[in-house]
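Student: Below are the chains, spelled out letter by letter.
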Amino acid sequence: MKCKHSRIRKLLTLALSASASMASAQQAHFSDGSARSMTMPADRRVLPESELPPLPEVPTGFFDSGLSETANQSSYTLDYLLQLAAANNPTIRQARRQISGETAKALQAGLYPNPILMYVGEKINSDGSAGEFQGFEIQQRFVTANKLQLSRLKYRQRAQVAEHLAIAQQYRVSNDIQKHFYQTLAASERLDMRRELLKTAEDTSVTARELYNQGQTTLPGIRRANIDLQQHRLDLLNAENEFAEAFRKLTAVIGCDISLGYIDGNLRPQRALPTFDAVYAELIDNSPEVLAARAKLAADHTAVRRESVQWVPDIVVQGGPGYNFSNYDPVYNASVRLELPIYDRNQGTILQARNDLARQREEIRRIELLLRERLAMAYRTYATSLQHATEYEGVIIPERQRAYEELLQSYKENRVDWPEILDAQTALFTARLQQIDQFRDVRIQETLIDGFLLEGGLMAAESSTPPGHIDSVPKPR
Amino acid sequence: MTPDEDRRQFLKLGSLVAAGGLLAGKSAAQQPPSAAGPPVPMAGSHAGHESAPQPQIPADSDVKAEYDGFSRFKPSRGNDPDSEFYLGKRVPGFRSVEAGPAPFEAPDLTKLPWKMVNGAKEFHLVPMAVEREFLPGYKMNVYGYNDTMPGPTIEVNQGDRVRIIVTNELPESTTVHWHGFELPVQYDGSETLTQNPIEPGKSFVYEFDIHEEGTFFYHAHVPMQEAFGSVGWFIVHPRKVFDPPVDRDFGLIFQNFFIEPNQTIADSWRMDWNWHTINGRSGPYTTPLVVKHGERVRVRLMNFAPMQHHPIHLHGHTFWVTGHEGARAPKTAWIPRNNVLVGIAQATDFEFVANNPGDWMFHCHMVHHMMNHMTRQVGPRIRKNVSVDQYLANTATRPPVDASRDDPGFATPGYPQEMKSMNMSDSMMETIWNRREVQGMRAMWPMSIMGLMTALRVLPEDLYHKVMETDEPVDKGSVFEEIVRRFGNPDDYEPGKMKMMPGMKM
Ligand SMILES: [Cu+2]
Chain A
1 MKCKHSRIRK LLTLALSASA SMASAQQAHF SDGSARSMTM PADRRVLPES
51 ELPPLPEVPT GFFDSGLSET ANQSSYTLDY LLQLAAANNP TIRQARRQIS
101 GETAKALQAG LYPNPILMYV GEKINSDGSA GEFQGFEIQQ RFVTANKLQL
151 SRLKYRQRAQ VAEHLAIAQQ YRVSNDIQKH FYQTLAASER LDMRRELLKT
201 AEDTSVTARE LYNQGQTTLP GIRRANIDLQ QHRLDLLNAE NEFAEAFRKL
251 TAVIGCDISL GYIDGNLRPQ RALPTFDAVY AELIDNSPEV LAARAKLAAD
301 HTAVRRESVQ WVPDIVVQGG PGYNFSNYDP VYNASVRLEL PIYDRNQGTI
351 LQARNDLARQ REEIRRIELL LRERLAMAYR TYATSLQHAT EYEGVIIPER
401 QRAYEELLQS YKENRVDWPE ILDAQTALFT ARLQQIDQFR DVRIQETLID
451 GFLLEGGLMA AESSTPPGHI DSVPKPR
Chain B
1 MTPDEDRRQF LKLGSLVAAG GLLAGKSAAQ QPPSAAGPPV PMAGSHAGHE
51 SAPQPQIPAD SDVKAEYDGF SRFKPSRGND PDSEFYLGKR VPGFRSVEAG
101 PAPFEAPDLT KLPWKMVNGA KEFHLVPMAV EREFLPGYKM NVYGYNDTMP
151 GPTIEVNQGD RVRIIVTNEL PESTTVHWHG FELPVQYDGS ETLTQNPIEP
201 GKSFVYEFDI HEEGTFFYHA HVPMQEAFGS VGWFIVHPRK VFDPPVDRDF
251 GLIFQNFFIE PNQTIADSWR MDWNWHTING RSGPYTTPLV VKHGERVRVR
301 LMNFAPMQHH PIHLHGHTFW VTGHEGARAP KTAWIPRNNV LVGIAQATDF
351 EFVANNPGDW MFHCHMVHHM MNHMTRQVGP RIRKNVSVDQ YLANTATRPP
401 VDASRDDPGF ATPGYPQEMK SMNMSDSMME TIWNRREVQG MRAMWPMSIM
451 GLMTALRVLP EDLYHKVMET DEPVDKGSVF EEIVRRFGNP DDYEPGKMKM
501 MPGMKM
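Line by line, the protein sequences give chains A and B. Take the first sequence: its position 443, counting from 1, is numbered 443 in the UniProt record's numbering, and each next residue is one higher. Take the second sequence: its position 196, counting from 1, is numbered 196 in the UniProt record's numbering, and each next residue is one higher.
Calculated directly from the structure, the hints in this document are not laboratory data. Just so you know, these numbers come straight off a predicted model, no measurement behind them. Treat the hints with caution; some may be incorrect.
[What the hints assert, rightly or not] Capping the alpha-carbon separation at 27 angstroms, the derived lysine-lysine pairs in DSS-like fashion look like this:
1) B:Lys111 <-> B:Lys202
2) B:Lys240 <-> B:Lys331
3) B:Lys202 <-> B:Lys121
4) A:Lys412 <-> B:Lys121
5) B:Lys476 <-> B:Lys384
6) A:Lys412 <-> B:Lys497
7) B:Lys240 <-> A:Lys412
8) B:Lys111 <-> B:Lys240
9) B:Lys139 <-> B:Lys121
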């Protein structure tokens, strides 16, 4: 159990194990030859039950054993899963490390250069002496033009970039959790619908046998019903596998193992989003990606300032006491050095920094446009699925429901055939299945749009430091 | 007999005696024997044939109970197929010739009133869209006349002059054809061939002398309107009353419609038909023909189905076919039958002496016409312990299906063939039972009269009086049981079940 919250290890039954056993119970019913108990002599039958095409076996070739874990019944709420993820998702910790890394660079960049202690022996063997100067010297570089402060400021600003990126990473994770949460929730509701559809398919095969006994269908008719039944069983298995996939993806983003279980939530969207323009304005004002890019622009400004003072020579003062073995007297050395910025006035790097700054301006614009592009797609998907969901909710499902009820009522009055009811039932449950997908799509897009379109909760947390020459010097500046 | 059998016989007899006593007791309480009206001689203390009142000829009639071996009061054929009275051929009803023709009665239909205007009987006939209740609660949209489908009966005498002012209230043009009349061609009602169609809101006046007698009808001469119900009786009483005279003169119009489930509008384009009506009502809402024991009865039966012929069968009696819509046949051409095929737009008159008391089926013999809407017998209604109510109770999910098929019936190819488990609502049952014509019939009789079916009730005088001429309550099954007591073998009789069980035969 890797999960920190091991106390909530809850083993959950998926009803599919129950449904599998039900189906096999029915299989037994079909094949156990219960017709034997009938009182009619077997030879009077046109086609005994045993000679009807048998019902297909319940699929047994491969079964995802993870799905059949016997377990307690418990459920996970979205809030709880988000808490788990906050504590366990590695990328969130990575993101925090990125901030600390930048802060550490700021510390390092602002450190004053150390003095250098030297032993100096000069002109050794002059006049056969040990040297004109043997002694100790101290050298100290005096940094000019606020270079260190500027370097520190630059990395502090990069730490701010990292903070925005960490917020973005949190959104990536929480968006992914919500996305997978709704996918899992939808998958479990789809399972319910698939079970209803399977019951209808089972009824269809029973009905085919009843029709056969009345001369109203043929052996191919029974075979068609068998095929239909088996396809619905496969559809149910598919729905189970989808559920397992969704749940496992969810646990992956959370960052710890929790057992397959029920999802406690409501798939129905509760509200409608504002207009595209309003959403987009909010996005460029507050998206962590945009904020990070803007913060990075500030850091790049500082980089330009920093590189612009790089040519201002530091003053290096050096000196110290020694002994002159030629004259046999204590002497002192002293020097002051200054690099003359005649050829290298750091022109290239300044230019590079300016280009970086200009590039970053374009980067902000690029991110804004990329957000617009992504929002366009998300908004379209959101609008389409919400329109569908609304009409399915308001018109299509109720109409299907009423048609089904009216047909049932007509059947009660001996006015329609049962196969017509089965068709109406299939249509109703299929529409509900489609509605689940629509709700799911609404919820996913809603989550993304609300969450600044950020996804990828398992992508490595982004660094605020771009790759480049300036930062590859031994001492960060 | 074993003691068990003894006991069973005793119980059967006892229940019949009790039922008879109940009927007698109630009527005795309300109507002392000294009061006017037929005697009610049933007594609780007696059982068996001896105690029953014997059928009698009314004092004011000079007919006989028996003619050449044919008895008007019990099933009989007579002595000689060549006799005028063989099978009751010319056995007169109680009514005298001098009393004129017996009143024409088309159950559940109205008559079109007329006024004498300028020497002609003037009728106002209005083609219109009509709502007709085929069964209680099943109000169907069809075409008819003057708010009814079939239209009201036009009833005149041979030699009359008629003027029929037709005012079209349909949203489409129409004409009216007077089926069978030898009239001036301009009034024949054939659209375009003889007249311009009557446009919506417009009128057309038909006027002609009637020299025919017999069974006629009128209908729209627009095929789809015919299929939609635009028809009515046109009965002409003969100047010289037909001999032998009848006591009853019934008219029944048989029709077919196709109306989808949850629909009320008939689909006149269909080639098959799922609703069947007699005078605009479907069994068991059709009104039985109630007659007195010993009466001579005429039934005029007209088939106005769009596409199908009807073999019409009357139980318990042999009838004479005395004519068709063209004219009354000379007696030498009459033929005795139990079943007669009535083709589309044909009418058949049949006559018989009601010499066999009881409730007799009177129906089209096509099995698909003996129900209202054929459905395949698969699904919950043939499954054990399953009802469609379980599905209706919760439509968010559906009950699982038991695939075992262990009903022994499945060992028999073709099972099931009965129409099972139809629900008739209580209010529907109440409406069906709420008519005097059905009082005292066996409990659950409505389960047996479906589609193109009705009943002929032949009742002894006293029971007829009680059922048809009083408002006294009559227990379910009591009249039938009394008839069994008087004319049948009560030892072998079991009363009808009072309550419909799920899965009971329709
Ligand atoms: Cu028929």
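Student: Does each hint fit the structure? Answer for all of them.
Tutor: Here is how each hint holds up against the structure:
no. : hint                  : in the structure
1   : B:Lys111 <-> B:Lys202 : holds (23 angstroms)
2   : B:Lys240 <-> B:Lys331 : holds (15 angstroms)
3   : B:Lys202 <-> B:Lys121 : holds (21 angstroms)
4   : A:Lys412 <-> B:Lys121 : violated (50 angstroms)
5   : B:Lys476 <-> B:Lys384 : violated (30 angstroms)
6   : A:Lys412 <-> B:Lys497 : holds (22 angstroms)
7   : B:Lys240 <-> A:Lys412 : violated (54 angstroms)
8   : B:Lys111 <-> B:Lys240 : holds (23 angstroms)
9   : B:Lys139 <-> B:Lys121 : violated (33 angstroms)
Of the hints listed earlier, those the structure fails to meet are numbers 4, 5, 7 and 9, in rising order.
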